[in-house]
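With these hints in hand, go ahead and build the complete structure from the sequences.
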Amino acid sequence: MQIPYTVAERPDTGVFNAKLGIWLFLASEVMLFGALFSSYILLRTGALAWPHGYTILNVPLATLNTVVLITSSITMVMSWVALRNRDFGKYRKYIGGTVLLGFVFLIIKAIEYGAKFEHHLYPSENTFLAIYFTLTGLHGLHVIGGMIVNAYFWGPGSKMWVTDPERFTNRIEVAGLYWHFVDLVWIFLFPVLYLL
Amino acid sequence: MAHVAAVAHTGNHHEHPLGFLQKYIFSQDHKVIGLQYLLTSLCFLFFGFSLMMMMRWQLAYPGQPIPFIGGLLGEANAPGGIMLPEFYNQLGAMHGTIMVFLGVVPLAVGAFGNYVVPLQIGAPDMAFPKLNMMSYWVYFLGGVTMLASFLMPGGAANSGWTSYAPLSVIATMGQTVWLFGMVFLITSSLLGSINFIVTIVQLRARGLTFMRLPFFVWSQLVTSFLLLLAFPPLEAAGVMQLMDRLAGTSFFMPSGLVVAGEVMPYSGGGSPLLWQHLFWFLAHPEVYVLILPALGIVAEIVANNTRKPLWGYNSLVYAAIFLGFMSFIVWAHHMFLTGMGTVISTFFQTTTMIISIPSVIILTALFISLWGASMRFNTQMLFALAFLPMFGIGGLTGLPLGLAPTDIHLHDTYYVIGHFHYVVAPGTIFALFAGVYHWYPKVTGRMMNEFWGKFHFWGSLVCMNGIFMPMFVQGLAGVSRRLYDGGQQYAHAQGVFHLNEWMSISAWMLALFQIPFIINFFLSSRKGRKVESDNPWEATTLEWATPTPPPHGNFTVVPEVHRGPYEYSVPGHLRDYTPQHQPEKA
Amino acid sequence: MSNTQASNGAHARIYVVVFVALLALTIVTVSLSYLHLSVFPSVLLALIVASIKGYLVSNYFMHLISERRLIYAILVLTGIFFLSLIFLPLSHFHDRVG
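Chains as they are written, first to last, in our numbering: chain A, 1 to 196; chain B, 1001 to 1586; chain C, 2001 to 2098.
It is possible that some hints are incorrect.
[Said to hold, decoys possible] What follows is a list of derived Cβ distance ranges for each label pair: (1) F117/A <-> P2041/C: 29 to 35 Å; (2) F1522/B <-> R2068/C: 45 to 51 Å; (3) G89/A <-> I2048/C: 39 to 45 Å; (4) G1207/B <-> F88/A: 55 to 61 Å.
[Unchecked claim] With a straight-line cut-off of 25 Å between C-alpha atoms, the simulated DMTMM-like cross-links for lysine to aspartate or glutamate are: (5) K109/A <-> E125/A; (6) K1308/B <-> E1501/B; (7) K1130/B <-> E29/A; (8) K159/A <-> E9/A; (9) K1130/B <-> D164/A; (10) K93/A <-> D164/A; (11) K1308/B <-> E1086/B; (12) K1130/B <-> E125/A; (13) K1130/B <-> E166/A; (14) K159/A <-> E173/A; (15) K1527/B <-> E1538/B; (16) K1130/B <-> E173/A.
[What the hints assert, rightly or not] Simulated coverage check for chain A against chain B, where a stretch passes if three residues somewhere in it have a Cβ under 8 Å from a Cβ of chain B: (17) 4-11; (18) 75-83; (19) 86-93; (20) 101-108; (21) 119-126.
Please keep in mind that the hints were generated in silico from the structure rather than gathered at the bench. All values reported here derive from a predicted model rather than from experimental measurement. The beta-carbon is built from N, C-alpha and C at its ideal position, and this holds for glycine as well.
In structure tokens:
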């Protein structure tokens, strides 16, 4: 039994199965974060007073994190390019770099959280901190998920490069689509929470 | 996504037999997963019904000890067998949750969708078999979590299946477990819906264009889109409610909330209305998740047993798509009572009236399909025929609820309960029974017993109406839907209070009429009459072109489709049905 | 795999250009926040910059610019429901009685 279109594109739809699958998943993710952004807007417009993010949060650290995530996005896409150029060694470097940058992002995030807790700024303090911790926490979970997938493709998952390079390249494309989406979410989170 | 390729890759090695665990427990075969969903969801359906039977005792005979099982419920829930109000609230919340999220949806989508969709589109399996297995097991985990919540201190969730804040935020531990259970169930639905959409779009057999898909497949496709895009906001809301409960945030907690004379220790600034918006953003499309697969099953059975093409196939398809789309922008008609201004309430009343049009188109097309047919009145056809007027009653009684002036009076009365139960119980559940009788021979190679099937049907039909019709009467009299004594203390309920006994007896009778079904279901797989061919109902769609029961990989020859799904009684053809895979010259 | 080495090289250059543009826009959006504008212009500017960045990421890194119609259709549908999820509750909050 062979499931069709796991590698090749179906002629009438123009995509292979996993590509359609990941875009559907990302569509559901848009609705997930959409609901949280909607909540943010409702809580903020309904609040008597709402602090500017930069008065409470650490903008330089978050800017650094933005740079880290953008950099990890380009290493991710470069790892895909490397595979298409049949350069497995370069691929390993780039995908490994992506995972490391994910770690750097999480460490910086942890420093930020730690500083908040030190000043007794917990989610229960007010609705601004509540939405801040919920949105960044959920985003952080997405980063962790992406790192696990990418680490798998750096390590054990990369064996497929030998047996079926075309399918493996597709997998990296799909993993990349997810990783860029996580970056995309941060691009909106950053100004909304920190700068406004 | 990653494991997809791996599965297809090992596909070549399936010649050697699989072990018991891989074959029946952690199977990646869509048919086994479909049956796992079927058995699990039928159990949950019966369990949810049992909760309601206990509640019906309390409503009919408030304050009297429950016979037989009263002593087993524990002193904390029913001292001396007499149900406490707190326990009644748990039963109500869990009945709704279990029936919707663990019973009907997994049965309609998980079981029938999984088993039938790949067969009807001529695919060897679902697009992502491992993901399919995961979605079943995550569903199972969600179910176990929900059941475990009864063991929590303070019992299960007791804030209604809608879990309105702020009540749910300050409720007992069971609510936290409920939220975790919901997160599992939502995740399972998301995995499943992605799988269904990819399967239907990508794995259709050659020649099976979109407008040749059986209507059941269309209904599953639209349903999957609803699950995909409507569920995530509830997941977000569930996370926020968990934050409120566990981290002490105030997403849904208003400022200055006082409960039982005490100021609540919340910072405030949140909005209970926010929860309602996010909840109903899912829960209204969820109504169409409940009904669309049922309409799909009924369409298949009507076409097959009238021996005629469905009337207006194209309009059915477009109506289903439009219905799915509109279902995303009607949700706040559940919230007319929240002090909605005229502008926004006019918007939602208008969209609600508009969405009734495609529903009526579908129902009308199915009714017209019956016109002039010489029908086969087998069990599945009886269930399908009963579905039409029952769903009709449910739909039409919904119209006054979609208009604010009438809804404000009827909201939160038994009228609402009657309305949506007509849609879901004698509606959807009848269609699901019809589906069981219809596809049973394909799954087992044996027929279910017709006599006991009809016995099951007539008994269920009478009892269902016995339960739900009086609810309209009580609701119009103004009886509130959440009273634990059925309205005994209220003057306006006195004239209709006696109906409770009648409804409760109907409910218990309904349970008795399910016994022949359960016995028939299990016994027929061993003792039932064997089918003579792979296509005992002489149907046209592809699932009947497989061996019986279908082997792993489904089709012995890769099917190719040459015609539309319902070519029954085509003039000039040899037989009164022309299967989709039959070449032009036959 | 119809892509030649040369066209992949061209892609890689585009990715680097996008990367630099994203860094520049990050600096822009942070600097704008130091101006302490009033709510409306600051929200508007921040959203415009974020949208440009989002456009770059989705069109180039996620190569939506050369994607199939099927994917567009799904995203347009999602976009409509996303907007209704944002604006319908908001309009309810602004149109309340009692």
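Output the numbers, in ascending order, of every earlier hint that fails for this structure.
Failing hints, ascending: 4, 6, 11, 12, 18, 19 and 20.
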